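Given the sequences, and given the hints that come with them, work out the whole structure.
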Amino acid sequence: MRTALVLGLVLAACLCSCAPREQRPLTFEEQQDIEAYRQCRREATAMNPEWRGDTSYFPWRAYFNMCMRRMGVSEDAMRRMRM
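Read left to right, the sequence shown gives residues -19 to -1, 1 to 64 (mature numbering (1 follows the signal peptide of the UniProt record, and there is no 0)).
Treat each hint with caution, since some may be false.
As the list claims (entries may be wrong) - Derived CB-CB ranges, DEER-like:
| id | residue 1 | residue 2 | range |
| --- | --- | --- | --- |
| 1 | 51 | -16 | 56 to 64 Å |
| 2 | -16 | 50 | 53 to 61 Å |
| 3 | -16 | 39 | 49 to 57 Å |
| 4 | 46 | -17 | 51 to 59 Å |
| 5 | 6 | -16 | 36 to 44 Å |
| 6 | 63 | 28 | 42 to 50 Å |
| 7 | 30 | 4 | 44 to 52 Å |
| 8 | -18 | 30 | 54 to 62 Å |
| 9 | -2 | 31 | 36 to 44 Å |
| 10 | 57 | 22 | 13 to 21 Å |
| 11 | 3 | 57 | 21 to 29 Å |
Everything labelled a hint here was simulated from the structure, so no lab data went into it.
Just so it is clear, the structure is predicted and the values come from calculations on it, not from any experiment.
All C-beta atoms, glycine included, are put in the ideal place defined by N, C-alpha and C.
The structure is reproduced here in structure tokens:
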């Protein structure tokens, strides 16, 4: 009886965590930051195809960060975007 209750609660928690959530629409600034992220990622990779978007490779990361700053993305927004 107790095991069934625990399993039921675990199942309910799993189902609730998998339920689709409604996300708020992105602001104009957030959309611009995401587009800057995509463009800078393409540019950094195009600088040297051997880098292939390796975010841990210092020259790739340095160029990417410089590009993001050039596009006007704030340091705070850059930190939120890190994957």
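Query raised in the report: What are the numbers of the hints the structure violates, in ascending order?
Result: 6 and 7
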